[in-house]
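2 protein chains.
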Amino acid sequence: MQKLAIGIDIGGQSSKCGVVTQDGTILCQSVVTSLIDNFDEYLALLADTVKDLTRKTAAQGIPVGIGIGAPNANRIDGTIRYAPNLRWARDAEGKPGVVYLAARLEEATGLHVRITNDANAAARGEHTYGVARGIDDFIMITLGTGVGSGIISHGRLVYGHDGFAGELGHVCVVQDGRQCNCGLKGCLETYASAMGVARTAREFLQKDSRESLLRRIDPESISSKDIYDAAAQGDELAKEIFVFTGRILGRALGDFVKFSSPQAIVLFGGLTKSREFFHDEMVRAMNDNLMQIWKDKIQILYSSLKESDAAILGASSMVW
Amino acid sequence: MQKLAIGIDIGGQSSKCGVVTQDGTILCQSVVTSLIDNFDEYLALLADTVKDLTRKTAAQGIPVGIGIGAPNANRIDGTIRYAPNLRWARDAEGKPGVVYLAARLEEATGLHVRITNDANAAARGEHTYGVARGIDDFIMITLGTGVGSGIISHGRLVYGHDGFAGELGHVCVVQDGRQCNCGLKGCLETYASAMGVARTAREFLQKDSRESLLRRIDPESISSKDIYDAAAQGDELAKEIFVFTGRILGRALGDFVKFSSPQAIVLFGGLTKSREFFHDEMVRAMNDNLMQIWKDKIQILYSSLKESDAAILGASSMVW
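Chains R and F are the protein sequences, given in the same order.
Here the first sequence is numbered in this note's numbering, starting from 904 and rising by one per residue.
Here the second sequence is numbered in this note's numbering, starting from 904 and rising by one per residue.
Pulled out of the complex, with its shape left as it was, chain R reads as follows:
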């Protein structure tokens, strides 16, 4: 009987669970909602899903453990700490709190549980099964609702002293810039995420009087998808929004290179679907912010795995 791993990718909206073989095949997967206010209820749902998946794949193998990628997850103590976007991870006052996810799910399922933050899980996924196979020094940047990161150095994830390394979405890119959910100002996440691009659109629409397809949409509900669609139709303002985004992101990537001197930067997440509109400017801005030793030498790669697959695969790879 072969050994199987269960990989779970927890997001603010939904949690995706998959049963994975040692060579990286997802045998079966299931999606459950994350929109539950109570931790015990969420945990019961997750445990049921794990049991259900285990039954479905019983003929193919036996699960030996669970790996989880989740926002603000800490590998060292198995907690999720102060995750603003997880409803079931709030304290009695409704503020982001601390939950012992690994210990509690282990109790509920009898399986060994390892957790890490979602961007770290995605980095593991790309390193083991994706576009970064064979690359032992790279930085993974996830451009989703927010911006996350996972840093692989000498073939290993950088966890840092306390398990919280790789919060590159909160590096300051604009002095006294936009207010971020984390409490700081000018974080990369406030510019180079789906959320950030929408903020840029609102700013541009206000300060610029040009005609734009985006003016047909209520500013408060503009999404990065709307901006992509407008740019794809040749809308100049929409295209400039992505160029602005690319410039800020590229400059930040240049500074990240100075830290760990990676062979490649791997980009991942919903916003990469708009890469045709920001890639060139991002690469230019990155190289403009690099010294001679690195100019034009850092590879930019885009994830080759399906978005949820990378995180499920990466999370499951912690089991082995």
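Calculated from the structure, these hints are not laboratory results.
Errors might be hidden in some of the hints.
Any copy, or any two copies together, can satisfy a pair, since identical chains are not distinguished.
[What the hints assert, rightly or not] With a Cα cut of at most 20 Å, we get these calculated DMTMM-like pairs of lysine to aspartate or glutamate: (1) 906 - 1179; (2) 1088 - 1199; (3) 906 - 926; (4) 1209 - 1199.
Fair warning: this is a prediction, and the values are worked out from it, not measured in the lab.
Once you've looked at the hints, dock chain F against the given chain R.
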């Protein structure tokens, strides 16, 4: 007969060589000039010094290798690349070039040679023999003529894909800020080094009309020592120069924490002698730029080793 290592700390002005035992005792050391235009001549001088030190310590042990810390040194291929401040490392046109220091010194001495950049060597020195003993995740920042860095993650130096990791002195801290020797603008080094503090002094003296002890000195020749002396005498302008420096440095340290989540930041180098005037502001600015998970938790340590000793010890530790 015990085994000995030779540690060499190469700087722009001078090169310090020491013979070191495995427990970190420097048995004997010697300083030679770095102000030589010709690489062959410099190499001959260095090789002679190594032979001389070997003779002097012949009764105590046998050298088994040489470790070198030098600006822009690359551990992987043993070269020094484009070091603006090393006169003997220039090409035929007088521009910073590439020299194969490790291979050539190995040839000249018959000893195995390992090189790494000076800040990495100092980080190894602090980790093995200094204030960072037992700390497996820390960032070493050297505040000297320039700003260097060495990053220890999970107990190991981060070298990166090409050996050039840890160029934190060139992270952009002021958008379109001061011109740096590296070709970029607004680098941390242009603010938080001895050189940078002197630039700040010149700027402050120009834009501020207040009386100051610093006005007695020719602006072009003001040194960080002059500013320290003035601050020590209560000079307000001099004190503000350090507060300004501490704020920029602290903000940058906050961003560095988001990368590797270190237990501590270790500061080292000439500028730390003025720490009484910038420490508080630096710590405040760092914590202002940190999320809740890190606020007030990152230790700031100052090197406990004599400046040249840390680099010699760190360089020698590569031999074992």
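Worksheet item: Tell me, which hint numbers fail for this structure?
Response: 1, 4
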